[in-house]
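Student: Here is how the chains run, residue by residue.
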Amino acid sequence: MGYHRPDRVEDAFQALAQGASVIAGGTDWYPARGDGPVPQNLLDITRLPQFSGINRYDGGWRIGAATSWSAIVNADLPPAFAGLQAAGREVGSVQIQNAGTIGGNLCNASPAADGMPALLTLDANVQLVSAQGTRRLPLAQFVTGVRQTALHKGELLQAIDIPDTWQAPGTGAAFAKLGARKYLVISIAMVATILRLQAGRVADARVAVGACSAVAQRLGGLEKALQGAAPQDFAARVAQAPLTGLAPIADVRGSAEYRLDAVRELVSRALITAAEAADER
Amino acid sequence: MKDNATPPFDALPCATQFTLNGASVTVSAPPGERLSQSLRERLGTRDVKIGCNAGDCGACTVLVDGAPVCACLMPTARVAGAVVETQAGLVAQAPLAQRLADSFHAHQAAQCGICTPGMMVAAVALLRAVPSPDAAQVEDALGGVLCRCTGYRKIIDAVVDAGLGRTPPKAPAMGDVGQAIPRLDGRPKLDGRERFGDDIAPPETLVLRVIRSPHHHARFALGDLQAWQAANPWVALVLTAADIPGRNLFGVIPGFIDQPVFAVDLVRFKGEAVAAVVGPADAMAQFDAGQFPITWDPLPAVLEVGAATAPGAPRLHAGHEGNILCQGFVKHGDAETAMATADVQVEGHFETSYVEHGYIEPEAGMADLVDGRLHIYGCTQAPVMDKEALAPILAMPLDRIRVLPSATGGGFGSKIDISFQPFVALAALRLGRAVRITYSRQETMASTTKRHPAQISLRVGAQADGTLAAIAFEGQFNTGAYASWGPTVANRVPIHASGPYALRNYIARAQGVYTNGTPAGAFRGFGVPQSAVAQEVLFDELAEKLGQDALEFRIKNALSNGTPTICGQVFQQGVGIKACLKALRPAWAQLNAQAQAFNATGGPLRRGVGVAGGWYGCGNTSLPNPSTIKAGVRADGTVVLHQGATDIGQGSNTVIPQIFARALGVDVAQIEMIDGDTDRTPDAGKTSASRQTFVTGNAARLAGEALRRLLLAQVNAADDSRIVLGAGTYTGPGAGLVVEDATGPHPLRLADLPTDAEGYVLRVQETYDPPTLPLDENGQGAPYAQYGYAAHLALVEVDTKLGTTRVLHIVAAHDVGCAINPLLVEGQVQGGVAQGLGMALMEEYLPGRTENLHDYLMPTFGDVPPIETLIIEEPDAHGPYGAKGLGEHALIPTAPAILNAIGRATGARLRKLPVTPARLRAALKEVGHA
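Which chain is which? The protein sequence lines are Z and V, in order.
Take the first sequence: its letter number 84 is residue 84 in the working numbering, and every next letter is one higher.
Take the second sequence: its letter number 113 is residue 113 in the working numbering, and every next letter is one higher.
For the record, the hints were derived by calculation from the structure and aren't laboratory data.
Beta carbons are placed, not taken as given, at the ideal position from N, Cα and C, and that holds for glycine.
Hints may be right or wrong, so weigh each one.
What the hints assert, rightly or not - Output of the computed footprint for chain Z on chain V, the stretches with three or more beta carbons under 8 Å from beta carbons of chain Z:
1. 799-807
2. 839-846
Stated by the list, open to error - Heads up, simulated DSS-like pairs for lysine-lysine below, C-alpha to C-alpha not over 30 Å straight-line:
3. V:Lys582 x V:Lys556
4. V:Lys912 x Z:Lys182
5. V:Lys925 x Z:Lys182
6. V:Lys912 x V:Lys925
7. V:Lys801 x Z:Lys182
8. V:Lys801 x Z:Lys224
To be verified - What the simulated footprint calls covered on chain Z by chain V, stretch by stretch (three residues with Cβ under 8 Å from a Cβ of chain V suffice, anywhere in the stretch; the number is not a length):
9. 2-8
10. 34-47
11. 93-99
12. 260-268
Using the sequences and the hints, build the whole thing.
Tutor: Structure below.
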């Protein structure tokens, strides 16, 4: 019982073993309680030293799980992170971005998690720690379903690692979110893209879509189909590509049919934005 | 007393030390307690408002180490060592915040004021980082705070001006009728002093929570409550239907009082109250309503009018076959014959959704026993109606109940009905002590009234020259499980469904239909915004078929002085719709040209301009509707106005005194005002039906005139004498109130007069009741003494590939007869437009599915475009100084104007509201958009 806000990860594991409920930014944790009581045994991970901040590691960037969206939005990061930063700017509101964390966004495992598509395009891995040690998983294997993750009991998401896959000149990234109002909006659909242009044509591309399946999906077939495409070809390639993996539901925000229809347009636009951002020099 | 009994869980309080508004504080709170709760209930920082407890509204925004966060999503324990700033602290200490408050005041950026703390705190953070932000930066920074009153534009203006250091224009001190003075009750909303429904109760007050149905329709049985209470010794009281001393029913219209305070063994909607639990605050915070002993037996539910009126549908209420609540009917001329012979006809079936009022203040208040009388504190739109509703439930005489309205954080119709009042009243009576309640966001959305969803079939016919020939209207309005204001909607709609147009042949029938949905009641317009959508959209299609300009078609057919309405009522003066429509001509030409030029460039974005008109009868329909205003003069010459027109943000605390001051002939600032405490202030009726400026305004005018006569008579002064209040000009005996005429000053020796129980030496009380006449069986008569008129233009941009719509510009022309306060007129218009925009594009309440402010979408900053208000003043003979009501009018033309704009941009014909991206995209595909 009590509010635990350790600065040593060992103490965190101990609180976790005693059944503490993990809270990071709190922006999903509190709403999930509805009108019911708030748990009385909490583990606040925001003071754990390895859990915050954006740092270089050998071969990539490491973002602590308790890093706020505002910190990500305001960080000086390579062009490949433009989609992630754009997604951060569209998380809820400034208030939510100041408190909400990237790790919480992943662990909450909402189909509409704003961080997922961009992190998928960045080939992110998650670093999971427990008293037993550390393990790493590709992000796509971490979020396993609606409100489901691969976290083991006693395990915490410590950081997200983003390898330097997208450092070459000609890289551009973008994010597009479709909602029915300007702010404080949950996606009807969203798209993140990264591409690398060589001589004005796609040398490599990643496209990921959120809110159109239980877990955000990369569109592998479309990524292949984009190889060699110039921006003026994007729309046609997108129109013909299979959207394998997308299985949108109908909900208060829109029909399944609409989501599939709109997502192609969103993808095309995000690709164009990414291509415009790509600087080959 | 059970305050010291064990709470249901062992909560180990954590002591947290931090800096709050410059002072070091330590708070002891259970682990995980929200900062908003600790700030309000343990540290007395009640300027922090809780609107949703989910980060969806931003009202609770505070600065933690300079960064704006939602205090409802922040554990108190986390701010250990941090610096926390709130609105009250900032305004008290930071010059920047004071400048911002001045700018908010000058712009009327706060109406009801419930979102204002969040707005101002977020704005301070922005202004610290960006000293002179532009509008887009303001929108981004404040986008996390919802406002339901203002439409956001005045807030943007206020923040931009504060950043530029622009001195707010000095308002005329006199505050005469026609002068745009800032709200007289504005300052407390800007410095954190304002007290809303949840801000009254002391922290140690017992808390009540209502147990509500999780099913749309179910039988239920309560478990062993005595055993449950014994097992939970912290519980101070459990209330059920068995505890109601009087009649277990409430409602608003005689003959339609049908909703139980607590259901007995059957619930008819999800969210219906079945019991209540009272206990100490900390224990109630840990109470899980799911553990309350009750068993449910769900029954088949009908949620829509189609299902509810189908053969074999479950019947909700005895005596209402087919679940028909009631019917309204108007017949003028012979619509069927005229339709058959009309040169051109159009028809359509329209559907609108439940709309949530979305005030940011959930229902909240407290009941207490004082000297054997029941005192009810809290938010309301109708303090006297609250009393009248409570008396039969409590089996108490009216004079033992006193309602003391708090500030009300928005209402828009829903807070006319009682909600929390009977629960806390019953509990306070049983316990002999104060009991408070605050609805959760989910609870307010699930249990209080909504706008009626409508199913409308409409036919309109015209002659080839563009003269309207006939309208035939059939509407069914889903009133949910209980009547509330359903009969009013059914009656008002047929009277208004023609729109403000001249028409000789008309037939309209509107039914209220019971369903298992959330009760639908009063919401800005009482059904008229729904019928206006059908009528104004079909007018566009008719104009198109006729090959006529949409605006000119309306001007040609608009009502004018001397033309009978579809109720056969003839106004010889004051009909301002033509003037409103004509005022739009320049913008219509300019915006259409702009849209055409834009569309010529190609691409998936298409722009269009739409127009719509509207009207609304002010006050009750053919029913008595009096307001009474009292004023008194103290021996020292102070003039006191007892102003009972509840100000829910719309501005009656400013407009009514302005009218009174004009009639009396003094500066408004010199009048002391007393609010709607039912012991002290006579009944000014409910804040509803756009009646306060008109009806209470007239009572205030009469009271001001009567008091003037009384004062002048004291010294036999001439009618054109001047009344000089307050010391300064004169000294000596009687200097507090001096009457000046051609013969010189005449001090009133008020101290020589006897003082009454209220401390007055002179007093007046005047009542005004608008002249109306009953309607006959065909709805012919004089339902209202006046109508107000409006016409809106909307410029929209549709993304044809995604089905999204951005409204780029609104021009709103309103005939208000006489703008008592043009600043407040703009505020009403802009706020109404924002609600109309929401109704058009995003708002859809689905019982059980969208009971929060992230699944239920209301417009945010950035969704509401610049709004140009064109004030038309076609004086009304009955209105005070010619004034007409405005509240509902502001919303009525907006949604159809937007739909018409979408239609003109894309050719898509929308029949269902809201026009969500999915619905619009489907409609676009139907008309051939790729």
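Student: Please go over all the hints and tell whether each is borne out by the structure.
Tutor: Comparing the hints with the structure gives:
Coverage of the stretch 799-807 of chain V by chain Z holds [criterion: at least 3 residues with CB-CB distance below 8 Å; count 4]. Note: the stretch 839-846 of chain V has 4 residues with beta-carbon separation from chain Z under 8 Å; the three-residue rule is met and the coverage holds. Annotation: proposed proximity of V:Lys582 to V:Lys556 holds, straight-line Cα distance about 10 Å (limit 30 Å). With a CA separation close to 22 Å, the supplied pair V:Lys912 and Z:Lys182 stays within the 30 Å bound.
A C-alpha spacing of about 24 Å is found between V:Lys925 and Z:Lys182, which places the hinted pair at or below 30 Å, so the restraint holds. At roughly 16 Å between alpha-carbon atoms, V:Lys912 and V:Lys925 fall within 30 Å of each other, so this suggested pair holds. Our distance criterion of 30 Å between C-alpha atoms is met by V:Lys801 and Z:Lys182, whose separation comes to about 18 Å. Distance hint between V:Lys801 and Z:Lys224 is fulfilled; the C-alpha atoms sit about 24 Å from each other, no more than 30 Å.
For the stretch 2-8 of chain Z, the stated coverage by chain V is satisfied: 3 residues place a CB nearer than 8 Å to a CB of that chain, which reaches the threshold of 3. Counting residues of the stretch 34-47 of chain Z whose CB lies closer than 8 Å to any CB of chain V gives 11, which reaches the minimum of 3, so the coverage claim holds. A stretch counts as covered by a chain when three or more of its residues have a beta carbon under 8 Å from one of that chain; for the stretch 93-99 of chain Z and chain V the count is 6, and the coverage holds. Beta-carbon proximity to chain V at under 8 Å applies to 4 residues in the stretch 260-268 of chain Z; the threshold of 3 is reached and the given coverage holds.
This entry satisfies every hint, going by the numbered hints stated previously.
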